[in-house]
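Can you build the whole structure from these sequences, using the hints too?
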Amino acid sequence: MLTLTDSKKQELRRELESIVGQGAVLSDPDELMVYESDGLTLFRALADFVVFPTSSQHVSAIVKLANRESLPFVARGAGTGLSGGCLPTEGGIVISMMRMNRVLEVDYDNQIAVVEPGLVNLHLSWKVGPRGYYYAPDPSSQQACTIGGNIANNSGGPHTLKYGVTTNHVLGLEVVMPDGEIVWLGGKTREACGYDLAGVFVGSEGTFGIATRIVVRILKKPQAVKTVLAVFDAIDQASAAVSAIIARGLVPAAMEMIDHLTIQAVEDAFSCGYPRDADAALLIELDGLAVGMDVQAGRIVEACRESGAREVRTARTEAERQLLWKGRKSAFGAYGRVSPAYMVMDGVIPRTKLPYVLRRVNEIVAASGLRVGNVFHAGDGNLHPNILYDPRKPGEEARVVEAGAQIMKVCAQVGGSISGEHGIGLEKADFMPFIFSVADLALMQRLKSAFNPSGLCNPGKVFPTKKSCVEVGPVAYRPHAIEEKGLAQRF
Amino acid sequence: MPDALLQKLRTTVGAANVLTGVELSPYVVEGRTPEAAIFPGSIEEVAAVMALATEVASPVTPWGGGTAASVGMPAGRPGLVLGLTRLGRLLDHEPGDLTATVEAGITVEAFQTTLGSRGQWLSLDPPDAGRATVGGVLATNACGPRRHLYGTARDLLIGVTVVTADGSVVKGGGKVVKNVAGYDLPKLFIGSYGTLGVIVEATVKLRPLAEQEELMSVRFDRLKDAGAAVRAVAASDLIPNAVELLDGVAAGGAGVTAGSPAAGGVLVVGFDGVREQVDWQRAELARLTAPLGGRDVRPLEPAAWARLGVAARAAFRAPAAVMALAVLPSQVAELMEQGAGIARARGLASAWAAHAGVGVVRSALASDPGLKDPAALAAVLAEWREMARAGGGHANLEWAPLAVKSQVSAWDDPGAAGRIMERIKAQLDPRHILNPGRFVAGI
Numbered sequence: 000m001l002t003l004t005d006s007k008k009q010e011l012r013r014e015l016e017s018i019v020g021q022g023a024v025l026s027d028p029d030e031l032m033v034y035e036s037d038g039l040t041l042f043r044a045l046a047d048f049v050v051f052p053t054s055s056q057h058v059s060a061i062v063k064l065a066n067r068e069s070l071p072f073v074a075r076g077a078g079t080g081l082s083g084g085c086l087p088t089e090g091g092i093v094i095s096m097m098r099m100n101r102v103l104e105v106d107y108d109n110q111i112a113v114v115e116p117g118l119v120n121l122h123l124s125w126k127v128g129p130r131g132y133y134y135a136p137d138p139s140s141q142q143a144c145t146i147g148g149n150i151a152n153n154s155g156g157p158h159t160l161k162y163g164v165t166t167n168h169v170l171g172l173e174v175v176m177p178d179g180e181i182v183w184l185g186g187k188t189r190e191a192c193g194y195d196l197a198g199v200f201v202g203s204e205g206t207f208g209i210a211t212r213i214v215v216r217i218l219k220k221p222q223a224v225k226t227v228l229a230v231f232d233a234i235d236q237a238s239a240a241v242s243a244i245i246a247r248g249l250v251p252a253a254m255e256m257i258d259h260l261t262i263q264a265v266e267d268a269f270s271c272g273y274p275r276d277a278d279a280a281l282l283i284e285l286d287g288l289a290v291g292m293d294v295q296a297g298r299i300v301e302a303c304r305e306s307g308a309r310e311v312r313t314a315r316t317e318a319e320r321q322l323l324w325k326g327r328k329s330a331f332g333a334y335g336r337v338s339p340a341y342m343v344m345d346g347v348i349p350r351t352k353l354p355y356v357l358r359r360v361n362e363i364v365a366a367s368g369l370r371v372g373n374v375f376h377a378g379d380g381n382l383h384p385n386i387l388y389d390p391r392k393p394g395e396e397a398r399v400v401e402a403g404a405q406i407m408k409v410c411a412q413v414g415g416s417i418s419g420e421h422g423i424g425l426e427k428a429d430f431m432p433f434i435f436s437v438a439d440l441a442l443m444q445r446l447k448s449a450f451n452p453s454g455l456c457n458p459g460k461v462f463p464t465k466k467s468c469v470e471v472g473p474v475a476y477r478p479h480a481i482e483e484k485g486l487a488q489r490f
Numbered sequence: 000m001p002d003a004l005l006q007k008l009r010t011t012v013g014a015a016n017v018l019t020g021v022e023l024s025p026y027v028v029e030g031r032t033p034e035a036a037i038f039p040g041s042i043e044e045v046a047a048v049m050a051l052a053t054e055v056a057s058p059v060t061p062w063g064g065g066t067a068a069s070v071g072m073p074a075g076r077p078g079l080v081l082g083l084t085r086l087g088r089l090l091d092h093e094p095g096d097l098t099a100t101v102e103a104g105i106t107v108e109a110f111q112t113t114l115g116s117r118g119q120w121l122s123l124d125p126p127d128a129g130r131a132t133v134g135g136v137l138a139t140n141a142c143g144p145r146r147h148l149y150g151t152a153r154d155l156l157i158g159v160t161v162v163t164a165d166g167s168v169v170k171g172g173g174k175v176v177k178n179v180a181g182y183d184l185p186k187l188f189i190g191s192y193g194t195l196g197v198i199v200e201a202t203v204k205l206r207p208l209a210e211q212e213e214l215m216s217v218r219f220d221r222l223k224d225a226g227a228a229v230r231a232v233a234a235s236d237l238i239p240n241a242v243e244l245l246d247g248v249a250a251g252g253a254g255v256t257a258g259s260p261a262a263g264g265v266l267v268v269g270f271d272g273v274r275e276q277v278d279w280q281r282a283e284l285a286r287l288t289a290p291l292g293g294r295d296v297r298p299l300e301p302a303a304w305a306r307l308g309v310a311a312r313a314a315f316r317a318p319a320a321v322m323a324l325a326v327l328p329s330q331v332a333e334l335m336e337q338g339a340g341i342a343r344a345r346g347l348a349s350a351w352a353a354h355a356g357v358g359v360v361r362s363a364l365a366s367d368p369g370l371k372d373p374a375a376l377a378a379v380l381a382e383w384r385e386m387a388r389a390g391g392g393h394a395n396l397e398w399a400p401l402a403v404k405s406q407v408s409a410w411d412d413p414g415a416a417g418r419i420m421e422r423i424k425a426q427l428d429p430r431h432i433l434n435p436g437r438f439v440a441g442i
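Protein chains in written order, with numbering that gives the first Met the number 0: chain U, 0 to 490; chain L, 0 to 442.
Hints may be right or wrong, so weigh each one.
Quick list of in silico lysine-lysine cross-link-like pairs, BS3-like style, CA-CA up to 25 Å [to be verified]:
1. U:Lys-187 x L:Lys-223
2. U:Lys-126 x U:Lys-328
3. U:Lys-325 x U:Lys-126
4. U:Lys-325 x U:Lys-220
5. U:Lys-219 x L:Lys-223
6. U:Lys-447 x U:Lys-63
These are computed hints drawn from the structure, not numbers from a lab.
This is how it looks when you write it as structure tokens:
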């Protein structure tokens, strides 16, 4: 990590201001602290500058300046990430995309929109909603997170079971390459010319460049939606119901699992109508044509009952539906009532391995002397164990981190993945060898070199580290600012 | 080819799996004969062959069913054909996970047949499914009409194993349907035409088979009106799994005109789901299209599905060229009319068919026995490409004689992104042995 002298810093600040204007550059340590971490407050790192460009040309000029000075740089959206992916681990420049937040174009005939990366995910659906359209990827932080951040992490959400994750909805991107060149990858058409660089870019965690314009698909809102809550006395039955639904040839829009601890926390906090004594509940949503919906819902109910559900309830009104979803979506806020802190894990397993893996998760956490709440995307096997702990108790946080590593190993052992939607970032860089060989990682490094040969663009992420960044490491949990404001939850 | 190398190859894969001399006739592309065709029986053997090829810098052309062998430019120098057909097993299918892992050489048809017997399918319907292999379909990003709802390989491939130029065996992605660990290598290899590595295994997402599926055709006197119907369908509540637009010539080629040719255009729409859904959508389609001039709404036989993806080229006994144009969906009908006019102005007939809902259009030029000058063909193709580019799209040649491809490049210009593609190629295949010169930007 390089240190800048005060005079050099002043000089660079003036130069950055000449690019983006006064009031768009931060270099005061107090101001920089706001940007020292993302939604995973376990890691912190201070930048030398935070800048707020408003155009692709600004971003390009900043990146060229960074190259000239050999300063690392990293793009940042709303900071809701959960893997430390946007941290300036080696100092340098944080390029905040929050002032590039416009919807540039909506083409309803072709069902596409062109947006800037700082646009808040949900704001796109608000924009196109009155015309009967929406943007499908719905990460749980969608009230705060940005489309640019979604691009970096290839974000998912509850409804990605049916509709796919971010990459399935991105057609093209204007990118400021790590050397400052502005290049379009893909475009507005459904097929790229040459390699699918837009597909390769999405999910590259900010290490391939900075997206400055994004072409996304917008979808017609479904004609009808039906939401079902199935209640189980044993979590294994709920897992079996997931498989039974799939086996009946049904692909719901969403299929979410909420376990006993989580139900109790949610009911204490918000009274959403989940039975407090249930061991698990499945929240299942169907959408599509109005006709035929009842037939399909009937099959879902049947699959749940045959798997042992003691109660299966269908939301009769939109208010009832919203209440059921509130139970799911407010789970993370509710943990705050039962524990001073928690850490959310993100792993993926084959759906059929759910019963085994959930048992192992509970065993691992119990052996650490801690508690775990599970609320997750059961339909696609994307687990989110939330380990509850008290950061004031010495050693407890270290046990959480250790349990998390063990859970990731279990996911890897059953043929799963160490991240379904939160990304590798800093948090899991050292877990990569759980699922990738030396040759696999070497090929990824070569791909990175093709985009980012200098390595200045978001260094220290994705790949296993040599633990070189001594400034970065586990520190005590504290809620992120946006979390405190209730703008984001940890899903 | 040095005898010593041939001997090493025979030792590696078994003498019976190395073809030379007259046995190579099925692998002749554009009149160019490879030096040998090698058929490894395992990933390890593929890796060993690649290591040998790298040692002598011999070009390698990965080969599945050979259905797309003439797409792009032929290798500049002769080399090895690396056949994957012996790697044809279904390795793993867990119905409860809706995923399956296959070796690259399994044919799409064989894979679908097994899946179908278990009530599932890979929601990709490329042409020539009886010959096309899964590896080849991925490498060429092939698909069919059902892409309208179910997307393409990029939406279905969740894991891939590749043998790289230096003989390393590399995995990308995994076996789970949602996964953001590491870079998205599956995307890199889809549509890379064997220029970055040899796909040897693939893990894909599956879907349950729909209970009902129906393909409906609607005739229009004017193609323009059919285009308006495409937009009406897109803006409606319908959830079709295919939206195809064919001009009169291509409709004849696909056999969807019900014996009465000379339609201006035919709209073909597919629906699937439970019976109630299919029934409702069929009626809704008729209701939506009637005011726009649609008539003669009728179901097509299931065999019509397979003909739709090749409708343009099937319109002529031996088309002189086939082009694939990617444009905005709203531009499709107009582009088809304009393109046919461009050909007509030069005295050539053409056929046009589109996956209209996604803006992917295919056009075929009739061969004119009197026409000996490839320049005339090239001129039409160049104008078609300009037409696609004018609307922000692009166009690639899917088939044309070498004499034509030497005048109008097989691939469109990827622009500034081409330099990144070159850098990727240089990183993954520094000696340029994988299909050298075949792909965009001379890659």
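Assess, step by step, whether the Cα of U:Lys-447 is no farther than 25 Å from the Cα of U:Lys-63, and give holds or violated. holds (19 Å)
Satisfaction of hint between U:Lys-126 and U:Lys-325, Cα-Cα up to 25 Å: holds (23 Å)
Just to be careful, I want the Cα atoms of U:Lys-187 and L:Lys-223 compared with a cutoff of 25 Å; is the pair within it? Given that 25 Å is the threshold and the Cα spacing comes to 22 Å, the pair holds.
Would you mind confirming whether the straight-line C-alpha gap from U:Lys-219 to L:Lys-223 stays at or under 25 Å? At roughly 24 Å apart (the allowed maximum being 25 Å), L:Lys-223 and U:Lys-219 satisfy the hint.
For the pair supplied as a hint, U:Lys-126 and U:Lys-328, is the alpha-carbon distance within the 25 Å limit? holds (22 Å)
Hint consistency between U:Lys-325 and U:Lys-220 [alpha-carbon to alpha-carbon, up to 25 Å]: Given that 25 Å is the threshold and the Cα spacing comes to 20 Å, the pair holds.
In this structure, every one of the numbered hints holds.
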